[in-house]
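There are 2 protein chains.
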Amino acid sequence: MSDPALRADAARVLADLNALRAIGTYKSGVHKPTFSAAHMQSLEWLAARLPEAHLSATIDGIGNVLGTSAKGGPKLLAGSHLESQNHAGWLDGPLGVVYALEAARVLNGHPGIDGAVEVASWCDEEGHFGSFLGSRSFVGAVTEADIDAARDRNADRSMRQALQSAGLAGRPRITAERGRYIGYLEAHIEQGERLETSGLRIGIVTSIVGIWQYRIRFTGEQNHAGTTRMEIRKDAGLALAKFCVAIDENFPKLCGPRTVWTTGSIALDPGAPSIIPGGAEMLFQIRDDNPAVIDRLEEKLRGMAADVTAQGQVGIAVERIRTGAPALMNDAFQDAIEAAARTVAGSKSVRMPSGAGHDAQVLSTIMPAGMMFVPSIGGISHHWTENTADADIVTGAEVFVETCRLLLQRAKVRPG
Amino acid sequence: MSDPALRADAARVLADLNALRAIGTYKSGVHKPTFSAAHMQSLEWLAARLPEAHLSATIDGIGNVLGTSAKGGPKLLAGSHLESQNHAGWLDGPLGVVYALEAARVLNGHPGIDGAVEVASWCDEEGHFGSFLGSRSFVGAVTEADIDAARDRNADRSMRQALQSAGLAGRPRITAERGRYIGYLEAHIEQGERLETSGLRIGIVTSIVGIWQYRIRFTGEQNHAGTTRMEIRKDAGLALAKFCVAIDENFPKLCGPRTVWTTGSIALDPGAPSIIPGGAEMLFQIRDDNPAVIDRLEEKLRGMAADVTAQGQVGIAVERIRTGAPALMNDAFQDAIEAAARTVAGSKSVRMPSGAGHDAQVLSTIMPAGMMFVPSIGGISHHWTENTADADIVTGAEVFVETCRLLLQRAKVRPG
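In the order they appear, the protein sequences are chains A and B. Under the numbering used here, the first residue of the first sequence is numbered 1, with each subsequent residue one higher. Under the numbering used here, the first residue of the second sequence is numbered 1001, with each subsequent residue one higher.
These aren't lab readings, by the way, just hints derived from the structure by calculation. Small disclaimer: the values here were computed from a predicted structure and weren't measured. Be aware that a few hints might be false.
Pairs of lysine-lysine, DSS-like flavour, derived with a Cα cap of 27 Å [claimed, not checked]:
{"no.": "1", "chain 1": "A", "residue 1": "253", "chain 2": "B", "residue 2": "1234"}
{"no.": "2", "chain 1": "A", "residue 1": "242", "chain 2": "B", "residue 2": "1300"}
{"no.": "3", "chain 1": "B", "residue 1": "1234", "chain 2": "A", "residue 2": "300"}
{"no.": "4", "chain 1": "B", "residue 1": "1234", "chain 2": "A", "residue 2": "242"}
{"no.": "5", "chain 1": "A", "residue 1": "234", "chain 2": "B", "residue 2": "1242"}
{"no.": "6", "chain 1": "A", "residue 1": "300", "chain 2": "A", "residue 2": "253"}
{"no.": "7", "chain 1": "B", "residue 1": "1242", "chain 2": "B", "residue 2": "1300"}
{"no.": "8", "chain 1": "B", "residue 1": "1242", "chain 2": "A", "residue 2": "300"}
Residues of chain B placed beyond 12 Å of chain A at every Cβ, according to the derived structure [stated by the list, open to error]:
{"no.": "9", "residue": "1038"}
{"no.": "10", "residue": "1057"}
{"no.": "11", "residue": "1170"}
Backbone N, C-alpha and C fix where the C-beta goes; we use that ideal spot for every residue, glycine too.
Based on the provided sequences and hints, a complete structural model is requested.
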């Protein structure tokens, strides 16, 4: 990479990210739920930039943006997503899209580069309507019936209604042309504090952990909060609270070194201050890159549930509603990121699993895939205070462009 | 009560209650939120019955129904409410209204009775818009600004909008004519299992317990459920669960013999499965007829909150949002109910406090008030399976009519 024309343009990268932050701004972050006006405007913004990278832009029928090259030679697919969690950060998604755009701008028109970087923005990575619907559509894993059934978790509307409002109804969905790509590369903020606390600049993702999710329902007896003596109550909400505390006590004895678990949602039924809850429900999630750990924890979870049932006061049902499988990142892609980090980031890199899910895990089901992280300040994400130092953003862009260059160069020698 | 014309008409009482159940039926109960079509139709039904009891009917600007007598002599006010909790029972409210109607029908036209029973249905006893808004309006404790501020807890609308939709906007509100009444009498289902398990027919209410309510907020750190290690999390939801369990462990050591406490509502913020809750809120209620017990429990609650704060992980704020005061029922009214139960219910009565709040506690602030209970099957209430045996409904009606007769008769001798 001695040619300075093969280097990322730091000012352009920062300007693009700030342009995307200016669409749907919320405090220092953004609020861009999938198919919101701000999200759609962001997709249009990207589509308008792609010709600068010698790419033809298409926004497809599920809201994926694809930039396609007419150039010969190897094609590397790169991207991330442009919608956000509600009231969340400016970099979660846009960072990877802008890096991909920058790599395409730097490499696709350069006479010394054979092949091209093609840019993608996958719709709804943040799961407002489902689970990785955009990238899963691209790999052929979403049916029309899936779309019929999908609903907006923020509002009382179907995905069909949302597609209609967004002007996407009736457009075809683009699926991957098999064999076209040497693979998929994605950059993302780490969303944890490991890089920051170690003074490192680049995370080389080895695998993306699987997510196992459970709906746990408690059934007690709804009754009047004033007239029902404490001794005869069957309070489903209290049973839920006790279960959360029991998880907190038992899981640390059985988990792996990086296992995490979360109760993100609790609802009491009917949820009124003067009524003893007859029902209660929690959404509970476990993440690990080792399915054997999950097996152990799920067995404990079900054992604890059996204990609750055995006490005979409150019924409990544990339903697994999402079954994860860790996705392994391609070794050659990991090596390329490491080599690039050696060249432009003083080897300040580390191989690490990703605790968060990403579109790369979906793309990895049909092509080699790789991911790299840049540091997150304080490890904060999914919140509007999420941030990364400008210097780290720029270093990441340089490593990303160089990784793309290396992957295209190596593909000439030993394709796919 | 040797005159059979002074006895409640069992078939008429049961027919009336079933007629009200047929309006807004839900399974074997009803769904009649305040100002719903079913609620308004129930008010019209009552207004149409009142002339049978020699009463002129008015539905006022807050949805109270008042039946007024032109007769001379003492006036006894009697009633309850016609709206229900959501998807709740058929007797919670209507029982007391139909008993009052029956007493008025039996007594107001009888030549041997001096004075009259006047019938009231108080709006929103169940608190869809506030706390006892109907009866509090009648005693002069609700301002126009209170109504401006009130909102529907079931829907995104103001009380003003609901009054408009119900056709009540602009009507005057009726307030109590001071000195008109010898007092207020209300019948209700017990909503507990004390009468049933003791084989008794009538509860004579000695006092209505106070309700103290708290909003307890936990502030942690919102973060990503996949990338944030367990050791550094500040999970507001888990802190809330631990707090509920700590209440469950500590309160039994400090409470009185009839204290009850309930966490009826829990909300996590943002409440998504992949986000560690940064905020959590619970509504917590304590009921007792002894303020000293409440003082002790509230002190414990605040001490537990201080312990949470001292641990330094999660912030907690305990805000008292409702301050109860037990309402004492009038001795002469208790004696009259007991005497009536001796005559028509074989003395199968007991004096007992009410764990639930009732409009009688509001009326007791401006006139002598009394309450009687009939048994609840299985103690169930605020649920559509709530029920009372027909025989108990009929006995209750007979005791109620006889109590009204005794109170009017005694008022002649020693008024007020």
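Checklist entry - Between residue 234 of chain A and residue 1242 of chain B, is the straight-line Cα distance small enough, at 27 Å or below? => result holds, 19 Å
Item to check | Consistency of the no-contact label for residue 1170 of chain B, given chain A and a CB cut of 12 Å | outcome: holds, 31 Å
Checklist entry - Under the criterion that the straight-line Cα-Cα distance not exceed 27 Å, is the pair residue 1242 of chain B, residue 1300 of chain B satisfied? => result holds, 15 Å
Next on the checklist: Just to be careful, I want the Cα atoms of residue 1234 of chain B and residue 242 of chain A compared with a cutoff of 27 Å; is the pair within it?
Outcome noted: holds, 19 Å
Item to check | Proposed proximity, residue 1234 of chain B with residue 253 of chain A (alpha carbon, max 27 Å) | outcome: Holds, at about 20 Å.
Next on the checklist: For residue 1234 of chain B and residue 300 of chain A, compute the direct alpha-carbon distance and say whether it is at most 27 Å.
Outcome noted: Holds - the C-alpha atoms of residue 300 of chain A and residue 1234 of chain B are around 24 Å apart, at most 27 Å.
Item to check | Given pair status - residue 253 of chain A, residue 300 of chain A, alpha carbons within 27 Å | outcome: The hint holds at about 11 Å.
Item to check | Minimum Cβ-Cβ distance from residue 1038 of chain B to chain A exceeds 12 Å | outcome: holds, 18 Å
Checklist entry - Taken at face value, is the distance from the CA of residue 1300 of chain B to the CA of residue 242 of chain A at most 27 Å? => result Holds, because 20 Å separates the two Cα atoms, which is no more than 27 Å.
Checklist entry - Is it correct that the beta-carbon of residue 1057 of chain B has no partner in chain A closer than or equal to 12 Å? => result holds, 30 Å
Checklist entry - Given the hinted pair residue 1242 of chain B and residue 300 of chain A, is their alpha-carbon gap at most 27 Å? => result holds, 20 Å
Violated hints are absent here; each numbered hint is respected by the structure.
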